[in-house]
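So the sequences go chain by chain: Z and U. Residue numbering for the first sequence follows this note's numbering, starting at 1 and increasing by one per position. Residue numbering for the second sequence follows this note's numbering, starting at 1 and increasing by one per position.
Hints were generated in silico from the structure; no laboratory data involved. A hint or two may mislead.
The list makes no distinction among identical chains, and a pair is therefore deemed to hold if it is satisfied within one copy or across any two copies.
Stated by the list, open to error - List time: in silico DMTMM-like cross-link candidates among lysine to aspartate or glutamate, alpha-carbon distance up to 20 Å:
hint	residue 1	residue 2
1	K26	E74
2	K344	E29
3	K24	E345
4	K63	D44
5	K344	D333
6	K26	D255
7	K24	D255
For reference, the chains in residue letters:
There are 2 protein chains.
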Amino acid sequence: MTEQYIARRMERIAPFYVMDLLAKAKQLEAAGRSVVHMEVGQPDFAAPAPVAAAGKAAIDAGKTGYTPATGIPELRQAIADHYRDRFGLAIDSHRIIVTPGSSGGLQLLMGVLINPGQEVLMTDPGYPCNKNFVEFVSGVPVSVPVGPETDYQLTAEMVRQAWTERTRAVLVASPANPTGTVLSRDALREIYQVVRERGGVLIVDEIYQGLIYELEAFTALDVADDIFVLNSFSKYFGMTGWRLGWIVAPPFFVDPIDCLAQNIFLSCSAPAQYAALRAFSDDCLAIFEQRRQEFRRRRDFLLPALQEIGFSFPAVPQGAFYLYADCSSLTDDSFRLAYDLLEKEGVAVTPGKDFGTNRAAQHIRFAYTTDVERMNDGVERIRRYFR
Amino acid sequence: MTEQYIARRMERIAPFYVMDLLAKAKQLEAAGRSVVHMEVGQPDFAAPAPVAAAGKAAIDAGKTGYTPATGIPELRQAIADHYRDRFGLAIDSHRIIVTPGSSGGLQLLMGVLINPGQEVLMTDPGYPCNKNFVEFVSGVPVSVPVGPETDYQLTAEMVRQAWTERTRAVLVASPANPTGTVLSRDALREIYQVVRERGGVLIVDEIYQGLIYELEAFTALDVADDIFVLNSFSKYFGMTGWRLGWIVAPPFFVDPIDCLAQNIFLSCSAPAQYAALRAFSDDCLAIFEQRRQEFRRRRDFLLPALQEIGFSFPAVPQGAFYLYADCSSLTDDSFRLAYDLLEKEGVAVTPGKDFGTNRAAQHIRFAYTTDVERMNDGVERIRRYFR
Ligand SMILES: Cc1ncc(COP(=O)(O)O)c(C=O)c1O
Ligand SMILES: Cc1ncc(COP(=O)(O)O)c(C=O)c1O
Numbered sequence: 001m002t003e004q005y006i007a008r009r010m011e012r013i014a015p016f017y018v019m020d021l022l023a024k025a026k027q028l029e030a031a032g033r034s035v036v037h038m039e040v041g042q043p044d045f046a047a048p049a050p051v052a053a054a055g056k057a058a059i060d061a062g063k064t065g066y067t068p069a070t071g072i073p074e075l076r077q078a079i080a081d082h083y084r085d086r087f088g089l090a091i092d093s094h095r096i097i098v099t100p101g102s103s104g105g106l107q108l109l110m111g112v113l114i115n116p117g118q119e120v121l122m123t124d125p126g127y128p129c130n131k132n133f134v135e136f137v138s139g140v141p142v143s144v145p146v147g148p149e150t151d152y153q154l155t156a157e158m159v160r161q162a163w164t165e166r167t168r169a170v171l172v173a174s175p176a177n178p179t180g181t182v183l184s185r186d187a188l189r190e191i192y193q194v195v196r197e198r199g200g201v202l203i204v205d206e207i208y209q210g211l212i213y214e215l216e217a218f219t220a221l222d223v224a225d226d227i228f229v230l231n232s233f234s235k236y237f238g239m240t241g242w243r244l245g246w247i248v249a250p251p252f253f254v255d256p257i258d259c260l261a262q263n264i265f266l267s268c269s270a271p272a273q274y275a276a277l278r279a280f281s282d283d284c285l286a287i288f289e290q291r292r293q294e295f296r297r298r299r300d301f302l303l304p305a306l307q308e309i310g311f312s313f314p315a316v317p318q319g320a321f322y323l324y325a326d327c328s329s330l331t332d333d334s335f336r337l338a339y340d341l342l343e344k345e346g347v348a349v350t351p352g353k354d355f356g357t358n359r360a361a362q363h364i365r366f367a368y369t370t371d372v373e374r375m376n377d378g379v380e381r382i383r384r385y386f387r
Numbered sequence: 001m002t003e004q005y006i007a008r009r010m011e012r013i014a015p016f017y018v019m020d021l022l023a024k025a026k027q028l029e030a031a032g033r034s035v036v037h038m039e040v041g042q043p044d045f046a047a048p049a050p051v052a053a054a055g056k057a058a059i060d061a062g063k064t065g066y067t068p069a070t071g072i073p074e075l076r077q078a079i080a081d082h083y084r085d086r087f088g089l090a091i092d093s094h095r096i097i098v099t100p101g102s103s104g105g106l107q108l109l110m111g112v113l114i115n116p117g118q119e120v121l122m123t124d125p126g127y128p129c130n131k132n133f134v135e136f137v138s139g140v141p142v143s144v145p146v147g148p149e150t151d152y153q154l155t156a157e158m159v160r161q162a163w164t165e166r167t168r169a170v171l172v173a174s175p176a177n178p179t180g181t182v183l184s185r186d187a188l189r190e191i192y193q194v195v196r197e198r199g200g201v202l203i204v205d206e207i208y209q210g211l212i213y214e215l216e217a218f219t220a221l222d223v224a225d226d227i228f229v230l231n232s233f234s235k236y237f238g239m240t241g242w243r244l245g246w247i248v249a250p251p252f253f254v255d256p257i258d259c260l261a262q263n264i265f266l267s268c269s270a271p272a273q274y275a276a277l278r279a280f281s282d283d284c285l286a287i288f289e290q291r292r293q294e295f296r297r298r299r300d301f302l303l304p305a306l307q308e309i310g311f312s313f314p315a316v317p318q319g320a321f322y323l324y325a326d327c328s329s330l331t332d333d334s335f336r337l338a339y340d341l342l343e344k345e346g347v348a349v350t351p352g353k354d355f356g357t358n359r360a361a362q363h364i365r366f367a368y369t370t371d372v373e374r375m376n377d378g379v380e381r382i383r384r385y386f387r
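Use the sequences and the hints to build the structure in full.
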């Protein structure tokens, strides 16, 4: 059994290029070489102790069975309360659907919203999986090239231009991966208006919400109630491997999403849900705030250090923990550069190619998910490479 | 935003009917009524203490980040070793793909194998989600009515009859939900041959593997190497809410499955994987064996007790923890009966309707996932209802 047994969608679903790079990094490390990891898309902080303890307590109490497909009611309520406390928004907990990571949320939304052949607009560069969630349900991902002029974000005008009669949804992320840029409330409102005028839906990925360094954190739900919002315990809450996220959906969509979640997931991780319940308490929120400050320090270290070497950042990365560096004054082959940096200097970064095709060869993503000292070492190595 | 925004596939994806029944059961319990639960599709045993301890240790050690999409190598190896120790089969650990429950495995297989419009054959009655995994990727689920004559399983002849030029795969389960019946090695081999002759693939759901009471447990991999096998830590291993399962795939398919898993799941639960690693040690296997004996005792209590009342079991339920009772001599509306039993007597069961349309109104599913004493109480209540 070979090729002819593989569904055609798999021709359009690419693995992450960085995986191969990571495998190479592992080999090098196994052979005794030191590697500075600046490719990792997850915080180097685990869940705070109280969250971990809550997860363990759930295990001890045998709270490890299937839960309702939309999550335990307490957690849905805690998330709703979070919107009230943090953003002053009254969101009915019924509108919160707990998911296996925001990955699970993306699957549910595409499944419930997108018919085969319908188009979903998104940015290039953007989170690599986005287009594949659309492919999975036989939709058509449409990547719109974005650059520093618009902070690597879509604008209302771009949405208008790219819209066809087959367009059903627009997916944006703020702060975004790989660029760390944010959409302003006004920009988001304009996009929302265009989308709604045309009878489409707006999906906003807020998985990096809270990881923002100058501006005030805000949520798209502040712009309108009938926006689909994705979020996750992975990044701000430091719980990547627990696999937990959530959707906020307009009330009419909750039942269909529930129905699909019952069928394709049955349930999210029970220990993760009990653990996450603890994440909204003041002590944990204080820890997350400290971590945010730490990420900010790292960004403020890394950005000028890379600029000095010759990388440029024509748009300010306001959030997340990524710098999407324009390396065109250093190379016209960022893929080669990524391998070279790894093999010659032991620095792992993610090539632009993983995020799309729009000037991908002129970009590289640095993640500041490692401490300043280690990054300093990484920067030294990169400097040496270009010497 | 209402109906017109919902993707058409959702018209064909039904929620579980038992969910509404469960909500009603909860209301009754909240109002102080006692309910005997014989509808629950999960063991009343949690993970054994050493497994729970391993999960907690992983949390303590901060092993809670993303893992490789196909699972941590140690767990893939442990599962491969399990096939060697239990079934005398040499399976390369590379062929084991760890998934978020076998639900995740079903998604990956349909995604990698089924093109829009291609048909997947399955039994009616059968596990309700199966057809929806096919719908999700715009495939066409084809339910073949099965009855006690063939132990509620497909036969090679049925597959031959149902095959069209659009058929791509056959999905069987052994032991099966809701019937608890198993496919013999010979029956499976015959099906396999028909499927392969026609250029299709055979998928065998072995999630209830090990929960079998007279016959010897076996795996479809014993019949042929190019069968896709699904399994899970949910049932035999008592880890439903941890969300972990696995696929065994022919080597050629591992990379495409990995690619899809990277994109749609990123990673399985890390604590669950470290916990599950502990499940294959002798002490845990001894616990699972005791539990199997306990399930057997329960079946041997419940089956004759229900027969006495007038339910019949024209095919012997050999495994899993379900009895699929023919109630045609008692009612011709099992859906009504399920509600009546709940409302009048406080007994929760699952109506046949949840498992398909083939004589569904004449069947009801009992789960023996509660102890004999409690079931005895349930049986008394049912007896009273029919008096
Ligand atoms: C923009 C964006 N969305 C979604 C995800 C999915 O993460 P998770 O499934 O862990 O919530 C990621 C992960 O890196 C991401 O960067
Ligand atoms: C036959 C069958 N397959 C698959 C599943 C999915 O279970 P899980 O995702 O917990 O492995 C179930 C759950 O009840 C089942 O009965």
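Right, here's what the structure says about each hint:
For the homomeric pair K26 and E74, the shortest alpha-carbon distance between copies (16 Å) is at most 20 Å, but the shortest distance inside one copy (41 Å) is not. In this assembly of identical chains, K344 and E29 lie within 20 Å of each other by CA distance solely inside one copy; the values are 13 Å within and 66 Å between copies. Taking identical chains as interchangeable, the C-alpha atoms of K24 and E345 lie at most 20 Å apart only when both belong to the same chain, with a minimum of 13 Å there against 63 Å between chains. In this homomeric assembly, K63 and D44 come within 20 Å of each other (Cα to Cα) only across copies, at 11 Å, whereas the closest approach inside a single copy is 28 Å.
With identical chains, the CA atoms of K344 and D333 are at most 20 Å apart within one copy only, with a shortest distance of 16 Å there and 73 Å across copies. When the C-alpha separation of K26 and D255 is checked against a cutoff of 20 Å, the pair qualifies only between copies, where the shortest distance is 19 Å, while the shortest distance within a copy is 44 Å. In this assembly of identical chains, the alpha carbons of K24 and D255 lie at most 20 Å apart only when taken from different copies (17 Å versus 45 Å within one copy).
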